[in-house]
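Asks: Residue numbers (the numbering used here): 123 to 303.
In short, the hints are calculated from the structure, not lab data.
Careful, some of the hints might be misleading.
With a straight-line Cα cutoff of 25 Å, these simulated BS3-like cross-link-like pairs (lysine-lysine) come out [stated by the list, open to error]:
1) 261 - 206
2) 161 - 206
3) 233 - 206
Model, not experiment: these values are computed from the prediction.
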Amino acid sequence: MPQPVSDRIITMRLPLSQDNFATIISVYAPTMTNPDENKEAVYNQLASVLSGIPRTDKLLLIGDINARIRREWPLVMGKHGIGKCNSNGELLLALCSEFELIVTNTMFKQKDERKTTWMHPRSGHWHMIDFVITRCRDKMDIHSARAMRGANCWTDHQLLRSNVAFRIRQKHNRQGTSKPT
Numbered sequence: 123m124p125q126p127v128s129d130r131i132i133t134m135r136l137p138l139s140q141d142n143f144a145t146i147i148s149v150y151a152p153t154m155t156n157p158d159e160n161k162e163a164v165y166n167q168l169a170s171v172l173s174g175i176p177r178t179d180k181l182l183l184i185g186d187i188n189a190r191i192r193r194e195w196p197l198v199m200g201k202h203g204i205g206k207c208n209s210n211g212e213l214l215l216a217l218c219s220e221f222e223l224i225v226t227n228t229m230f231k232q233k234d235e236r237k238t239t240w241m242h243p244r245s246g247h248w249h250m251i252d253f254v255i256t257r258c259r260d261k262m263d264i265h266s267a268r269a270m271r272g273a274n275c276w277t278d279h280q281l282l283r284s285n286v287a288f289r290i291r292q293k294h295n296r297q298g299t300s301k302p303t
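Working from the sequences, and respecting the hints, build out all of it.
Replies: Spelled out as structure tokens, the structure:
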């Protein structure tokens with residue numbers, strides 16, 4: 123069952139097999155126009171949620187993060203990020219660094235129109251502000267992350283679609299044989 127953390131964060135823990143789980147966190151982060159205290163409160167809540175997730179769980183953090191990120195964070199980003207960073211982006215990248223997470227949208231070489239999810243209403247510039255994030259060690263579980271232009275989602279954002287295939291390691295008993303999961 124989904125578990126609300128706040129009006130901006132919800133989590134769900136799903137069984138993948140007998141001893142394996144995936145935790146999904148959906149976030150709607152404050153925009154740049156919100157006071158810094160509001161933004162910091164959401165990121166503190168998110169850090170608290172991440173701290174409580176078992177290290178063995180697969181993890182997906184998804185949502186409208188309202189952050190612009192830059193390429194200078196190679197440990198938490200792929201090579202294909204775009205744009206300039208803002209203060210929300212710094213908060214997101216610091217969180218990713220602290221919890222060893224990677225922004226998977228930036229791992230795939232594709233046209234900018236497949237990366238950007240929101241158009242600024244005044245400037246007309248497209249930005250990547252919606253993300254699919256996972257643990258660095260599980261980045262190979264994410265096979266794609268792309269914006270779907272033309273999908274009617276009743277929002278000013280483009281639908282962000284990701285192809286995920288969780289790799290589950292078999293547990294071994296003391297004799298070294300595989301234990302069914």
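Asks: Does residue 206 lie within 25 Å of residue 261 when you go C-alpha to C-alpha?
Replies: 23 Å, holds
Asks: What's the verdict on residue 233 and residue 206, does the C-alpha distance respect the 25 Å limit or exceed it?
Replies: 17 Å, holds
Asks: For residue 161 and residue 206, compute the direct alpha-carbon distance and say whether it is at most 25 Å.
Replies: 19 Å, holds
Hint check: no violations occur; every hint is consistent with the structure.
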